[in-house]
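Visitor: If you want the building blocks of each chain, they are given just below.
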Amino acid sequence: MQIDNYLIRQTSLEKLFNNLIGNGKTVFAPQASEKRILFEKVKAFSEITDNYLVTTNAAKSVVFPRTEKLFSYKKTKETTEITDASTEAVPEVVLWGTRPCDAAAFIPLTDTFNGDYPDILYNNRRGKVYLLSFSCATCDEYCFCTSVNGSPGNTAGSDILFTKLSTGDYLAEVITEKGKKLVAENQTLFEAAPEEEKEPNLAKVKTYFNQDEIQAKLQNLFENPVWDEKSRACLGCGSCAFVCPVCSCFDIQDEKHGSKGTRLRCWDSCGFSLFTLHTSGHNPRETQGARWRQRILHKFLYMPDKSKVAGCVGCGRCSRVCPADINILETVTSI
Amino acid sequence: MTEFEPKIVAFVCNWCTYAGADLTGTSRIKYAQNVKIIRFPCTGRIDFMLLLKAFGEGADGIIVSGCHPNDCHYTSGNFHARRRWIMFRGLLDLLGIDVRRIQYSWVSAAEGAKWADVVNTTVTAIRELGPYTDYAKVANYLEKEANV
Amino acid sequence: MSKIGVFICHCGENISATVNCGKVAEVAGKLEGVAYSTDYKYMCSDPGQTIIKQMIKEKGLDGVVVAACSPRMHEPTFRKACSEAGLNPYLCEMANLREHCSWVHDKSDATTQKAIDIVRTLVEKVKHNKPLSTIKVPVTKKALVIGGGIAGIQASLDIANAGHQVVLVEKEPSIGGHMSQLSETFPTLDCSQCILTPRMVEVAQHPNITLMTYAELEKLDGFIGNFKATIRKKAKSIDEKLCTGCGLCTTKCPTKKIPSEFNEGLGFRTAIYVPFPQAVPNKPVIDKLNCQYYLKGKCKVCEKVCPTGAIRFDQEDELVELEVGAVVVATGFNIMTTSEFPEYGYGKYPDVITGLQFERLASASGPTLGEIRRPSDGKIPEKIVFIACAGSRDPAKGKPYCSKICCMYTAKHAMLYQHKVHHGESYVFYMDIRAAGKNYDEFTRRAIVEDKVNYLRGRVSKVYEENGKLIVKGVDTLLNAKPVEIEVDMVVLASAGVANPGSEELAQKMHISYDAYNFFSEAHPKLKPVETNTAGIYLAGACQAPKDIPETVAAASGAAAKVAILFSQNELSREPVVAVVNRSAPPLYSTCVGCFMCATACPYSAIGEEEIKDRKGNVIKKVAKVNPGLCQGCGTCVAFCRSKSIDLDGYTNEQMYSEVMALLNE
Amino acid sequence: MNELIQKAKSLLESDTVQVVIGYGKGSADKTRAIFLTKPEDCDQLLFDSRCVQNLAVYLTKHEIKHLGKPAIVAPIPVLRSILQLAVENQLKESDLVILGVSPESKLIEFDSFGAIELFLNAYKIQIDEKYKATIDKIKAMPVSERFAFWIKELEPCFKCYACRAACPLCYCPKCTVENNQPQWIPAASHLLGNLEWHVMRAMHLAGRCTDCEACYNACPMGIPIHLLTKSMLQDVEEHFGPYGPSVGKRNTLSSFNPDDKESFIR
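Residue numbers (the working numbering), protein chains in the order written: chain D, 28 to 362; chain U, 5 to 152; chain H, 200 to 865; chain E, 899 to 1164.
No lab work stands behind these hints, which were simulated from the structure alone. Just so you know, these numbers come straight off a predicted model, no measurement behind them.
When the alpha-carbon atoms are kept at most 25 Å apart in a straight line, the in silico DSS-like pairs for lysine-lysine are as follows:
#	chain 1	residue 1	chain 2	residue 2
1	D	Lys52	D	Lys207
2	E	Lys1004	E	Lys907
3	H	Lys821	E	Lys967
4	D	Lys102	U	Lys11
5	D	Lys287	U	Lys40
6	H	Lys672	H	Lys596
7	U	Lys141	D	Lys68
8	H	Lys456	H	Lys547
9	H	Lys252	H	Lys329
10	D	Lys62	E	Lys1030
11	H	Lys240	H	Lys202
12	H	Lys222	U	Lys34
13	H	Lys821	E	Lys1147
14	H	Lys815	E	Lys967
15	E	Lys967	E	Lys936
16	H	Lys252	H	Lys279
17	H	Lys326	U	Lys11
18	H	Lys499	H	Lys487
19	H	Lys821	E	Lys959
20	D	Lys62	E	Lys923
21	D	Lys191	D	Lys231
22	U	Lys34	H	Lys306
23	H	Lys202	H	Lys258
24	H	Lys279	H	Lys256
25	U	Lys141	D	Lys287
26	H	Lys329	H	Lys258
27	E	Lys990	H	Lys812
28	E	Lys1050	U	Lys141
With the hints as constraints, model all of the structure from the sequences given.
Guide: Listed below in structure tokens is the structure:
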């Protein structure tokens, strides 16, 4: 699809925001608090911060909530009545301020939920999401999008990508139909494309490795001391998976209250020892090393093998939050 | 509008309060229907999580009752329980879980009248506090919200 | 899917008058997992029980809820009925609709609804009940009796005469206890030693009794039928086998001015000593705290004079381990000393003495050979005051209870005084005369009427010394409450009976409970007066509360009978309500991580360690292990376990959790 | 520092220990836990104010135990944890070599747990005034507001259990939250599940927590869960006297005093 370029004034951003809210959309945007910057529901433009590299949490929870009701039931002695969860009440959501890596993550995420069969709940939610991303002007030592076929100005996944120009105004690249719809609804705010080049306004993200090469190397790396060595300090928590914009493992839980109950889909993490524990007591991934290997292989080998897209977008969130400072980039580059 | 009837769960030990409540019955002392008893061998057995569960399942109030200090059938279960309650109460209070909704008491096997009084005053107190909507909102979050 | 039977009892009209039993049965029948539900007039009656048994067989029930009275009333009845029908008795639970519902609420829909809620809760519990079997424990048919006073002597003789082995442990060098110190006994005034000493000898000679004097309980582990007692035999510093009890050593011992315990400090003894002439065993011990050799390293006179060479200065305390099946605690009591009474001179007036000291003065074997002479100058007191309730019934002294024996012995003391000092004048200050007992009131009457003892109803506020006389200031409440001041030669305090020092530690060693005054607590004040809350440990005598001799002897025989009943069986059956540490699949084996917080919390030291080993015998981990014989089923451990690795059968986590859920959710 | 490196080297050279658990350079300006098995690698060891991760957590991890007997670099918070682990029968003196680090970064060797206890007497756990003030401020809120405050704080928790994983005292192989018979705590992270999880976590640390703040440092969402344990530490001190792990003594909550005072039991 043809990408349309526009200029949007810095001052118009707030108007755009207000129009979105005014049109009944729910906006999630980076919000800063003492120790974290999170994608959160915002009501006013002033609540949004633009002083962030990436948020601590990923934006995936709008399409893949950390706890999602699948259905509820009510039993009597003879009957069971099931009510499927509905996404009808889910509003249209604008993700404001996603980074190109965040937006790119929706591609493998959607792949996963449309593998053997389409996941209705996911797709319904996904259909209601508008991704208004902002290019990265800065990066840090944890960023490596360029190593996984991404870039700080990558348009893949976003509906509109804004890039801040030297004037303080923004280049708006409108990528999808959804994006075009939004522009159409707010025509007065979008002006003719600027002259200024996009590239000089982007962060310079170092390229550490080549995804295809890594994928090839990993084919024969199942048995290797690197897994234990690099994961030695791993505490076995699930923070890496839960902040990852691509990780999509879940667990099914029933919550029962007398004769009523609900079935839920909850985030899970391959870092947990319980993740693969069998009822027999046997655990095919018995050590943290085996779990770390699974995480790397899944992202850099299995997923690209299966769906052509790596399971990592190089956002670096997992490394930033890891309480034991385990660094995914370090593991991958050491291979 | 009908009057609010609080749901109250009583966690009691078998040897003192359960027997005391038996005596209330034997003495035909009347009290409110709102309180239902769960029998434990000893207050030492009462897991704090069960109290939390009760609120989660919609209890408006809780009574925890056992043998007076030194009267424990098992010599020291109630002493352990008391320490646990002191800590638990402090934590709940910090978290804003309404500790006024948990009545702790010592009711011996001979204190049938005291049991009736504990029940009635607790029911009155909870009636005044009203339904525990703050907690119910948290407990029923999934039922109500669109989950985004 | 469970097949639970719910049986709603009307209890005549006791339940059905306020609860709609039919409705309860109807709603219960609709609960998931309930295969049968009915109501009946009297579930506990024979036809009622028959319904339950029939339905168990007919419907193949795998759980039963009887909604009737308190489980404390009829749980055994219905469990037995289930058992007779082939259902494990522990799959039966009772819902308390009578004491906790119908009797305490008026008839209303809310009352019926509450009954329904209670039944639903118990149905959910039963779904998680597991079949349990009673725990069998063997019985060691040997009893340990602690304390060699009249209570311990009586209990030992009774158990021994029933044909069982007894180990009698006494902390003093001789058995006999307080009774051996007494002069005469009320209400017959027969000589205490004359009736006691034959019993003491009988103990020493009984083939079933092993006597350990100068010995104390160091440790008690185990449980009913299977206790392990560690006894510390204190070093007597003599070889008992060689010693003939000739007494030469005691006459030659140079340290002669040690206040005699037996004579309550009114006489002296030597460092190597026999407490009293009729002592059993009649062999001396060396009091290491007062012996010149132990203090200064020089002397050894006794060793030199001993004709059999029986002195052993290098003897050390010996720890003896015993396996016993039952324990009788007969450690007796003590009395408050005069020093605890500031108003009566803090014990600094030598002629203000306790009742027990008076016994020694009146005793023919005492320091005055039975003549009543006052301690300060040996003069015969012309006027004497007895103060009853000295400390007893006095919350200010921390003893709000009545010591029970003082009224009688004070009357006895006054009589003995009047019998021995014919011209003497005696006064008794009392609060009430409590003389309930066979021939007791007649006895106190005799003191007043025949022996002309002056009874004054009132309290003594102060005793002080003036010109060699004791001034007793009190009040006579019967004569218009007029103050009384009497100048006397001697004052006897009927001081309160108190628990022995160290009772608290002893109770803790044995895991038995004790009251606020450190007297040991009986399991039930009326129906289990000689049992403690710890199965297999019984109480005899004044360690429980002050008691007179007949009562003590009766309690001792009662405790002995309980021991004999216990020993009449080879095996004991116990309720299987015990804690269990879980087992899970390898490589975990158990989710227990071995922090042993449960063990530190266990009131019965019932939790030990278990090593889990692999096939080669290497220890993989150490986990907690519950000794089902010791565990009493309080479940305190369960609430402490962070990984939920220990659970209590009968009150499991699943059961309790289900109850909470069911109570609040339909 | 050199002292520490030399000691670590000699321990590995003499095969007294097979692994040295210490701090080394991490990513960006962080430090991280390192596990040295070769003497020549010991030069990687460092110690400075950035070394806040509580290394004691590794002493009970089976992957680390597998490496052999460890020596552990132990600043004060680690020492406290070691002592508490010893109280709870998780460590024996012969299990490890302790390379204590004083607040002045001096190497202190301990030959027994008793010696650690003695040393720690001079470094009693003290709740920072700023936390006390925060706790007081929270406690001063009306109950409903306080509840709302915490529900909002706990809402972002997605149950990654980093708080548990980083805590040296959360060493159970199967946590209550992993129990589903019964399901004590909802596995889901929703408001109730989060609240119940954090109540349980705090209660399980009551009288055990050594105030190392590992839980807070580990939390990716920055939830102030350490306030819960800090407040409970204050409660322990107020009701049962000063807390400090002591080998041979029972935990505050598995012991009692018949004269414990409270004001809320009728």
